[in-house]
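*Asks:* In order, the protein sequence lines correspond to chains A and B.
Quick note on the numbering used here: the first sequence kicks off at 1 and runs consecutively.
Quick note on the numbering used here: the second sequence kicks off at 1001 and runs consecutively.
Keep in mind that a hint or two might mislead.
From the structure, some residues in chain B lie toward chain A, with a derived Cβ separation under 7 Å [stated by the list, open to error]:
1) Val1084
2) Arg1088
3) Trp1095
4) Lys1096
5) Leu1097
6) Ala1098
7) Lys1103
8) Val1106
9) Glu1107
10) Arg1110
Calculated from the structure, these hints are not laboratory results.
Since we're looking at a predicted model, the values are computed, not measured.
Virtual Cβ for every residue (Gly too), placed ideally from N, Cα, C.
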Amino acid sequence: MSTTVSTPVEVSIDVDAPIGEAFDVFTRDIASWWPAEHHILQAELAEMVFEPRVGGQIIDRGVDGSECRWARVLAYDPPDRVVFSWDVSLAWQVETDASRTSDVEVRFTSLASDRTRVDLVHRHIERHGEGWEQMHGAVGSPEGWTVGLDRFARRVATGSADVPT
Amino acid sequence: MNVSSYLRLVKTDGQVIGALGDPTRREIFELLSEGPASVGDLAALVPVSRPAVSQHLRVLKDAGLVLDERDGTRRIYRLDPDGVAEMRAYLDRFWKLAMASFKQRVEQRREDTT
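The shape of chain A in the complex, shown without the other chains (with noise of 0.2 Å):
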């Protein structure tokens, strides 16, 4: 286990296409080639749209109209990089507290005319995390044990049980 969370998951490939079609493909086209089982909606994936400007979202539309909005288009620079949020928890539900989510980055080098290197990765994976010991820690101890640890370093530091605060 040489790899902890804040390590980025990184994938790159080499696609016979051009840098144009690449481009158009991974994001207008996300449909097309999205493994179709992976998404959070209850109902069968019907449709993917890719909403190509910053600002937009990625939405997946269930069979049964149900709509899952789980990713924020930060950044859209065709032909070169597009770069997206992963606004879903660890829950698997549609994380609505942006500093808890993640992002993706891609990018688009031509190679040649019709072979483009694609350069995906996912960083701040660990962002999905925070508060995730808080809330355990909620529920064990009144006051948190953030709290509590503190104060017992500062007890052990002055030799003191009652530290005014």
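Assemble the complex: chain A is given as a structure, and chain B must be docked to it using the hints.
*Replies:* Coordinates of chain B only, in the frame set by chain A:
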């Protein structure tokens, strides 16, 4: 912190066993199971120097047991939540699968149109 999930790791991963084999490291790990702390916080609680605490934390970090993050001028260490590690493992598998699927699709499409 779900200590049993770490015990599971201890049984299955040699590096983790090594990381927790040292009594001081074990103590630091157990202190972090009570909550995030800085090197200074930890050095006040264990009978070793600050640089030694930093060294132990590096071993724990390399074993995937703890995370660190900057908080102003301090670096705060915390246990690596099991759920996040699982999500990372999932994303690692997922993106390999998805990128292979993407490559196949973009190349297939090209064959169809030429």
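*Asks:* For every hint, state whether the structure bears it out.
*Replies:* Results for each hint:
1. Val1084: Status holds, d = 4 Å.
2. Arg1088: 5 Å, holds
3. Trp1095: Check passed: Cβ of Trp1095 (chain B) comes within 5 Å of chain A, closer than 7 Å.
4. Lys1096: 6 Å, holds
5. Leu1097: Status holds, d = 6 Å.
6. Ala1098: 6 Å, holds
7. Lys1103: 5 Å, holds
8. Val1106: Nearest chain A Cβ about 4 Å off; hint holds.
9. Glu1107: 5 Å, holds
10. Arg1110: 5 Å, holds
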